[in-house]
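S.K.: First to last, the sequence lines map onto chains Z and W.
Going by my numbering, the first residue of the first sequence is number 1, and it counts up by one from there.
Going by my numbering, the first residue of the second sequence is number 1, and it counts up by one from there.
Please keep in mind that the hints were generated in silico from the structure rather than gathered at the bench.
Watch out, some of these pointers could steer you wrong.
Where chain W lies over chain Z, by a calculated footprint (3+ residues, C-beta under 8 Å) [as the list claims (entries may be wrong)]: (1) 65 to 75; (2) 94 to 107; (3) 131 to 143; (4) 245 to 252.
Cβ atoms here follow ideal geometry from the backbone N, Cα and C, with glycine treated the same way.
2 protein chains.
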Amino acid sequence: MAESAQLTGPGDPERSGSPAGRRRATILDVAAAAGVSRQTVTRAVNDMPGISAETRQRVLEAATALAYRPSRFGRGLVTGGDPQLGLVVSDLRNPYSPELAAAVVRRAADEGWSVSLVDIGLAGSADRLLRSLQAQVDVVVGYLGEWALGWERRSGATPLILLDAGEGSEHPGVNLDPAAAIEDLAAHLVAVGTRRPVVLDASAPHETSGRGLAMMAALERRGLAPELVHASASTPEHASAVAAQVIRRAARPDAILAFNDLMALGVLSACRHAGLHVPDDIRVAGVDGLTIGTLVAPTLTTLAVDFDEVARHTLELAVALGDGDTDAGLQRVVSHRLVLRESA
Amino acid sequence: MAESAQLTGPGDPERSGSPAGRRRATILDVAAAAGVSRQTVTRAVNDMPGISAETRQRVLEAATALAYRPSRFGRGLVTGGDPQLGLVVSDLRNPYSPELAAAVVRRAADEGWSVSLVDIGLAGSADRLLRSLQAQVDVVVGYLGEWALGWERRSGATPLILLDAGEGSEHPGVNLDPAAAIEDLAAHLVAVGTRRPVVLDASAPHETSGRGLAMMAALERRGLAPELVHASASTPEHASAVAAQVIRRAARPDAILAFNDLMALGVLSACRHAGLHVPDDIRVAGVDGLTIGTLVAPTLTTLAVDFDEVARHTLELAVALGDGDTDAGLQRVVSHRLVLRESA
DNA sequence: CTGAAAGCGCTTACAG
DNA sequence: CTGAAAGCGCTTACAG
């Protein structure tokens, strides 16, 4: 019985590699130990019918004794395995990433996909991470910000879906469109009597973001003369510093539209330290719709992204690309939505 | 040339299964299309030496034409593949989860592990998710809260590491110990003149949490007579409601120690709506050390968890269990640390 | 520089 | 209820 397992079995400790000096037990080792064939081990381990209770137990005991765990590769090769999604974000510490990831993970679970999460933010090893990820998943989804460009080229054979890659991209992916929500926000601000709005953009002075331009235009279209200021980076700290300057002026603004929620939080902080009441003295709004905006006081008015819808489109694209479709409908758009809360 | 591929090749559309009606191309299909052997395809696809430039290009073109992507199972079976961690959390929307996940993902990347993320919070499918995850990873890490108990039993063959499973657990894992940090917080509050502290615990009235008990004891030990109140759930909303009642009393508390940061945020919100200034009128502290506490105004004093250290221990345990070690040192402890910010 | 052989660990028919 | 055979898709030696 089980002769072949005898030949290559654990009685041969040299042919190892693992730190423990002992190679992992295979189905053949268990079969040998229990005195049955490998098929019987499969039946026992996978709770399949057609095996006696005694045999099952004997096999299970042998498996436990040998710390046997089926190889996911061996099994996957024959069963096909669950499809796997690789989700790459540029910085998991940015609250945007986990909210996106949460939505994708949920949707993926519903569709029977697993998702591997990778944070590319750590410098240096980006290429290695990508290679390793591509070898493990069926489709890569990237929410990459500035990293996106390089990746479009490197993507190689594994299909790549880009999230919010910007207007220029022709890559399959999901793009965000804040235009309508910005109009709604401008209309709201005008309706409540805003006179001197400021748009706090993120990018460098000479390259105002599309989002910032749209905010300016929407306000101007309603007869206001908004001022445009820039933070050197889209962090709460930078935003707070700029806001602190702006609200110290004689002609104090009565509204600040921030590039995103994180920056809006920085603005709120600056207002508090300046002794200003939000929204009575000044109104503040952000973009993204992060959960964090509901946890602060005052709660943050924002242009929210429907992450669940982004996730829905993402999985649809993943399924299509995974099946080898390279055809139409591979670019989706999700619109922001105005969510009025306390801050504006 | 490539006879065998011809026999089972794509010229046989019936034997399919995929929605597109065409099975995925294998290395043999590419070999046939390029008129070479499968080894040559391997060399071209994997950028290996020992192949002429022309051949490489021809193979690559054939691969592209057939949308060939190597099977991760076929490859993994022979190369072994990267080790894979399955991280299961009870709710990704709770800011604690992503911070933990971020730390684990980073540490894992450093160690060459991939991590698959699963949110068990969605009712019903928990068992299916577990099965599917166990089949895909080498080690499962669970940050499960109340779910932990059931899982210890179900864990089956795949090693399971439990995070913050509580004092009762003898399972391999990383536990958190706030005791020392609670002492530091109590000492600080006394030093700045706190007289009437309130401990805002999460659990039901009849079962005060260990954390809440420790807070009470630490304050009492310093001559104070803290009051203990409970929120029915550890959400900002519930905490806010309870806090609103407490601070309305005649003998208003001058400090509230919340069960965690999220609840502390709710307390901050209640204070703001009541017109109280933090920390001048009342001090507020939480537990966890979430990033969100640095983004609110006032910034939140907290007992912080060093997520990076939790992640470090977790990976060490994962490596040990993955190698089949079942010995000593499989329980680790990480202590909280007092982080003084504006709110206290 | 290229190819024929062997084998990674498992499951799925098929015989008994 | 149990086992012998075939094969999933790939890479790693080994020959030429």
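S.K.: Each hint: holds or not?
M.R.: Here is how each hint holds up against the structure:
Only residues whose C-beta sits within less than 8 Å of a C-beta in chain W count toward coverage, and the region 65 to 75 of chain Z has 9 of them, enough to reach three; the restraint holds. Against chain W, the region 94 to 107 of chain Z contributes 8 residues with a C-beta closer than 8 Å to a partner C-beta. That satisfies the three-residue criterion, and the hint holds. Interface restraint, the region 131 to 143 of chain Z with chain W: holds (6 residues with C-beta to C-beta distance below 8 Å; minimum three). Residues of the region 245 to 252 of chain Z lying with their CB closer than 8 Å to a CB of chain W number 0, which falls below the three-residue condition for coverage.
In summary, the one numbered hint that this structure violates is 4.
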